[in-house]
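Q: Sequence:
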Amino acid sequence: MKPDLKQIQIPIENEMAQFELKFRASMKSKVKLLDHITNYIVKRKGKQMRPMFVFLTAGVCGGINDSTHRGAALIELLHTATLVHDDVVDDANYRRGFFSVNALWKNKISVLVGDYLLSRGLLLSVENNDFKLLKIVSNAVKEMSEGELLQIAKARKLDITEEVYYDIIRQKTASLLASCCAVGASSTDSSDETIAKMREFGEKVGMAFQIKDDLFDYGEDEIGKPVGIDIKEKKMTLPLIFALSKADWLEKKKIINLIRNRSEDKKAVNQVIDFVKKSGGLEYAKTIMDRFYAEALDILKTFPESEYKTSLEGLVSYTIERKK
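The sequence shown maps to residues 30 to 353 in my numbering.
Distance condition first, Cα-Cα at most 16 Å in a straight line; then the derived EDC-like pairs of lysine to aspartate or glutamate:
#	residue 1	residue 2
1	Lys201	Asp115
2	Lys330	Glu342
3	Lys51	Asp95
4	Lys283	Asp188
5	Lys283	Asp303
6	Lys57	Asp144
7	Lys171	Asp144
8	Lys161	Glu222
9	Lys241	Glu312
No wet-lab data here; the hints were simulated from the structure.
All chains should be modelled from the sequences, with the hints used to inform the complete structure.
A: Put into structure tokens, the structure is as follows:
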């Protein structure tokens, strides 16, 4: 049976309802324009999986408290800030099917809104002496920035190895989910060993999550078609890296030339997609994704049984089995 988000949320239903109110309150400003923009952001929120990871992890590790609520808000504020800034960096006009902040209010305002959200998160922690939580999340933001810059640097040369790819996604994506789980554990005053274990659990889930995203680029879901957005942006992901590692010198040169010089050409992009599929790149990526998934569940098995643990297992399955 497919995991269902409503079912997964049952043990933290009240917490998620409270979170919605507290998150809105944490964004409040006396500046009308800012208030208008933050309301727009909140109304177009995503599935809020990151706060769910925080609350469920805290439940597994001993219980949800006020510190957990602040940790969840801190994560979501900093995550939202990075998304607003990412849309400026990527010159993206849409976010979750709606106009992005920069599309409606231009880049200058978007950067300032991202800065405001970042500062709200910092103040929320400092005012409540949540320094342990702030350290965990600040480290994640640092890692995310480094991962993005490493990917940009490597995209210019198109020379990413499998190990470098893992470094990029560990920093760029997995670090945030790792911090969600570490924050959840830390908010319950768990031992350093438990916090480290939960951090590793979140990192494994994040690695699997990103590889799943990479597979979407090849139309690997029930309803999608190959879109090749990563190829157009010259992003080297695991299916392509594996396929190139198995190609002979001439074929490798040809494919890299297509990515470097014809990434806007739909026919060329489809050639690259076909090459990856024929080379077993998708199967290899799925194998690695499943390995990270299994390793995450193995860590979770070391914790006592509870409704929170059952839901957390369901949430991990959801991140891997999602169709978009």
